[in-house]
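Since the structure of chain A is already known, use the hints to place chain B on it.
Keeping their order, the protein sequence lines are chains A and B.
The first sequence: position 219 = 219 (UniProt numbering), numbered continuously.
The second sequence: position 25 = 25 (UniProt numbering), numbered continuously.
Hint data in this document are derived by calculation from the structure and do not stem from the laboratory.
Heads up, some of the hints might be wrong.
Chain copies aren't distinguished; within one or between two, either way the pair holds.
To be verified - With a Cα cut of at most 16 Å, we get these calculated EDC-like pairs of lysine to aspartate or glutamate:
{"hint": "1", "residue 1": "Lys4", "residue 2": "Asp34"}
{"hint": "2", "residue 1": "Lys4", "residue 2": "Asp26"}
{"hint": "3", "residue 1": "Lys32", "residue 2": "Glu315"}
{"hint": "4", "residue 1": "Lys32", "residue 2": "Asp159"}
{"hint": "5", "residue 1": "Lys233", "residue 2": "Asp34"}
{"hint": "6", "residue 1": "Lys32", "residue 2": "Glu311"}
{"hint": "7", "residue 1": "Lys88", "residue 2": "Glu110"}
{"hint": "8", "residue 1": "Lys210", "residue 2": "Glu229"}
{"hint": "9", "residue 1": "Lys329", "residue 2": "Asp302"}
{"hint": "10", "residue 1": "Lys4", "residue 2": "Glu315"}
{"hint": "11", "residue 1": "Lys4", "residue 2": "Asp345"}
{"hint": "12", "residue 1": "Lys210", "residue 2": "Glu379"}
{"hint": "13", "residue 1": "Lys233", "residue 2": "Glu41"}
{"hint": "14", "residue 1": "Lys329", "residue 2": "Asp305"}
{"hint": "15", "residue 1": "Lys80", "residue 2": "Asp159"}
2 protein chains.
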Amino acid sequence: MLNKPRLLTPGPTPLPEQVRLVMAQDMIHHRKADFKRIMEETQQRLRHLFGTVQPVLPLSCSGTGVMTAAVTNLFVPGEKVIVVDGGKFGERWAKIASGSGLTVVTLSVEWGHAVTPEQLQAALAEHPDTRGVLVQNSETSTGVLHPVRALASVTRALDVLLVVDGISSVGISPCPMDEWGVDCLLTGSQKGLMLPPGLGLIALSERAWKRAETITPPCFYFNLAGERENVRKNQTLFTSPVSLILGLNESLRMFMETGLETVYRKQWALTMLARTGIRRMGLDLLAPDHFTWGLTSVRLPDGVDGARLLEVAAERFGVFMAGGQDHLKGRAIRIGHMGWVDWADLAAGLHAVAESFRVCGGYIGARDYLEQGLQAYHEALDTGYGAL
Amino acid sequence: MLNKPRLLTPGPTPLPEQVRLVMAQDMIHHRKADFKRIMEETQQRLRHLFGTVQPVLPLSCSGTGVMTAAVTNLFVPGEKVIVVDGGKFGERWAKIASGSGLTVVTLSVEWGHAVTPEQLQAALAEHPDTRGVLVQNSETSTGVLHPVRALASVTRALDVLLVVDGISSVGISPCPMDEWGVDCLLTGSQKGLMLPPGLGLIALSERAWKRAETITPPCFYFNLAGERENVRKNQTLFTSPVSLILGLNESLRMFMETGLETVYRKQWALTMLARTGIRRMGLDLLAPDHFTWGLTSVRLPDGVDGARLLEVAAERFGVFMAGGQDHLKGRAIRIGHMGWVDWADLAAGLHAVAESFRVCGGYIGARDYLEQGLQAYHEALDTGYGAL
Chain A
1 MLNKPRLLTP GPTPLPEQVR LVMAQDMIHH RKADFKRIME ETQQRLRHLF GTVQPVLPLS
61 CSGTGVMTAA VTNLFVPGEK VIVVDGGKFG ERWAKIASGS GLTVVTLSVE WGHAVTPEQL
121 QAALAEHPDT RGVLVQNSET STGVLHPVRA LASVTRALDV LLVVDGISSV GISPCPMDEW
181 GVDCLLTGSQ KGLMLPPGLG LIALSERAWK RAETITPPCF YFNLAGEREN VRKNQTLFTS
241 PVSLILGLNE SLRMFMETGL ETVYRKQWAL TMLARTGIRR MGLDLLAPDH FTWGLTSVRL
301 PDGVDGARLL EVAAERFGVF MAGGQDHLKG RAIRIGHMGW VDWADLAAGL HAVAESFRVC
361 GGYIGARDYL EQGLQAYHEA LDTGYGAL
Chain B
1 MLNKPRLLTP GPTPLPEQVR LVMAQDMIHH RKADFKRIME ETQQRLRHLF GTVQPVLPLS
61 CSGTGVMTAA VTNLFVPGEK VIVVDGGKFG ERWAKIASGS GLTVVTLSVE WGHAVTPEQL
121 QAALAEHPDT RGVLVQNSET STGVLHPVRA LASVTRALDV LLVVDGISSV GISPCPMDEW
181 GVDCLLTGSQ KGLMLPPGLG LIALSERAWK RAETITPPCF YFNLAGEREN VRKNQTLFTS
241 PVSLILGLNE SLRMFMETGL ETVYRKQWAL TMLARTGIRR MGLDLLAPDH FTWGLTSVRL
301 PDGVDGARLL EVAAERFGVF MAGGQDHLKG RAIRIGHMGW VDWADLAAGL HAVAESFRVC
361 GGYIGARDYL EQGLQAYHEA LDTGYGAL
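Chain A with its partners taken away, still in its complex shape (with noise of 0.2 Å):
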């Protein structure tokens, strides 16, 4: 009771009470009426939130099963795409791709930083013969925003079908997939949309469902075209995920009342009260330039141990953070600011940090860092956000 826990994890995130309340009421059929009736609903919303005016699918699996579902009705074994990998999720795409009989051209970018336009269109121009493009908008193990707008320019000139894994920036940071011509986006329930796990979202550009139609899917249960025609009747495939979908409608009511600008405008914020307490510590970024609008990430100095870092800032203090992975296991914390988080929780996130570190021998530089983030924050919310 000397605390109150403290998600400020990448994902899964807090949940509002008036979702959990609303998930928490007693079942309701998927194949009846007042079902229909939510889902027409949500699916309203759900276009607002992609930016698009193509259906958007509930699927009851995780984030990688809607990637999984991505890649398999868009592409069909021995076509090339080009993977953008710069962290655990972009290697992600990769293994499904290859895994699903791809052919896989990598584009590897340094862990923290974004690939370039540039980047791209060069490796088009040395595979001509590609047919997608596989790149994550926020790619969580790091924290860096890929420049989705930009790449979009590159692809929708072409015949390759831009896919986007929004899981960690859908509801976060804008991508309005029929303005820049995203072919395909998708999302996970447990991130920017404050709701449990257990749900995928996705959706297509028309150019993305004509290349689609022409694909018999080879996973079963993974099957768009199956799941639009099911939309189209307020229905899902399979059987729905009931009450992560009463959720979603609730936690999409909350977006839409707010407004979209304003969540958007919230998150750019939180991320420069978290980036500027941050560089006032004296720790530095892991994603300098293109960063992510619902984590931020710090390396750590030799000689601090991140894993105990994490256990201090749990148990002195219970507040729960995530690790860097892989090559950054222990060297790296991942403070997520993402879904149900506000300014006091993350003011309190960034003074367990600073605490947890002066335990595990580490040295703060300026001691106004939360006075400076608070500042960096109203500062933030007075202007708006960042260019994209």
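Frame of chain A, contents of chain B only:
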């Protein structure tokens, strides 16, 4: 406020309040100690429920997802399987298997009837190169219980894997897989387990694991060997459906507290209640001999429209049931009595059936169907359940 809504569909089923409240708690992280402790506890309870020493793997998907996982992890394209097809879900096995490139031999059974071990033996004699048999324990579309124990006594003597869809049987009627020699048992969360849809569970026998270890699963998302490796660390391969697993732990706690035998006796007794009441009304049961313990299917006389009957039951009495599927559309109704349903709910359901039947122009035989049904319930509870 005139009627309380009563969900008597064969899944999703009503949810106990304590399960809903557990699921309504704020999010915890799936890679942290608290969640691992719950996974460990759940695993012990699941093994008891499945009657196996093998791990029971939780997957984030619907029932069809876990059926897909079974087929793609146990067989490779070109291999021959026998599918017992006696309803909508037998058909689904066939679609998944042929969609995965297997050679499918269909063992057709009339809707409403169970396959016999002799029929299976004859099919296996005709197709000695068969690698597996895919069957439902309970065929949800008709309410038939296939004799899994007898089928397993055929397959266990051969190099043939018996793969059992226990979606509407696990937690409803016994299917102790190790004792019977079942090679794969799977289920979904929204039936006997008193949870929302979205969680699949699957266990393999030792010899099925030997087979699975030789196969590279074609769909990246469904990798049972990878899941097993993670379950040993009280984790899942991809992001865990956290809320559903918290709920599962609570619903399994209720099972253990009540005792599995008592749960099965209750389910059997409810089935006696439904069947006695329906017969007493003068209506025909769709499954005359081998019947599921979680739902009762009723064939309607000509001139009574099933869709209209369901509407009347919902609107006037607040009772939600399911209709017949395919050629039984409008010609049958299905009364669910699995999961969090008790004798009083089911009695209310029978009364709604009788009254709605009269509204739709039907004629009820005896007026004492409730009394007789409840009598049968109490007698069954006292005498134990039928042979399997």
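Checked hints:
1. For the homomeric pair Lys4 and Asp34, the shortest alpha-carbon distance between copies (15 Å) is at most 16 Å, but the shortest distance inside one copy (37 Å) is not.
2. Within a single copy, Lys4 and Asp26 get their C-alpha atoms only as close as 28 Å, which misses the 16 Å cut-off; across copies the closest is 12 Å, which meets it.
3. Proximity of Lys32 to Glu315 under the C-alpha cut-off of 16 Å is restricted to the inter-copy arrangement: shortest distance 12 Å between copies versus 47 Å within a copy.
4. Taking identical chains as interchangeable, the C-alpha atoms of Lys32 and Asp159 are never at most 16 Å apart, the minima being 41 Å within one chain and 44 Å between chains.
5. In this assembly of identical chains, Lys233 and Asp34 lie within 16 Å of each other by CA distance solely inside one copy; the values are 13 Å within and 40 Å between copies.
6. For the homomeric pair Lys32 and Glu311, the shortest alpha-carbon distance between copies (10 Å) is at most 16 Å, but the shortest distance inside one copy (47 Å) is not.
7. Taking the shortest alpha-carbon separations for Lys88 and Glu110, only the intra-copy value of 12 Å comes in at or below 16 Å, while the best inter-copy value is 51 Å.
8. Proximity of Lys210 to Glu229 under the C-alpha cut-off of 16 Å is restricted to the intra-copy arrangement: shortest distance 14 Å within a copy versus 39 Å between copies.
9. For a Cα distance limit of 16 Å, the shortest separation of Lys329 from Asp302 inside one copy, 13 Å, qualifies, whereas the shortest one across copies, 69 Å, does not.
10. Proximity of Lys4 to Glu315 under the C-alpha cut-off of 16 Å is restricted to the intra-copy arrangement: shortest distance 11 Å within a copy versus 46 Å between copies.
11. For the homomeric pair Lys4 and Asp345, the shortest alpha-carbon distance inside one copy (11 Å) is at most 16 Å, but the shortest distance between copies (41 Å) is not.
12. In this assembly of identical chains, Lys210 and Glu379 lie within 16 Å of each other by CA distance neither inside one copy nor across copies; the values are 45 Å within and 61 Å between.
13. Taking the closest pair of Cα atoms, Lys233 and Glu41 come within 16 Å of each other only inside a single copy of the chain (12 Å); across copies the shortest separation is 40 Å, beyond that limit.
14. With identical chains, the CA atoms of Lys329 and Asp305 are at most 16 Å apart within one copy only, with a shortest distance of 9 Å there and 64 Å across copies.
15. When the C-alpha separation of Lys80 and Asp159 is checked against a cutoff of 16 Å, the pair qualifies only within one copy, where the shortest distance is 12 Å, while the shortest distance between copies is 40 Å.
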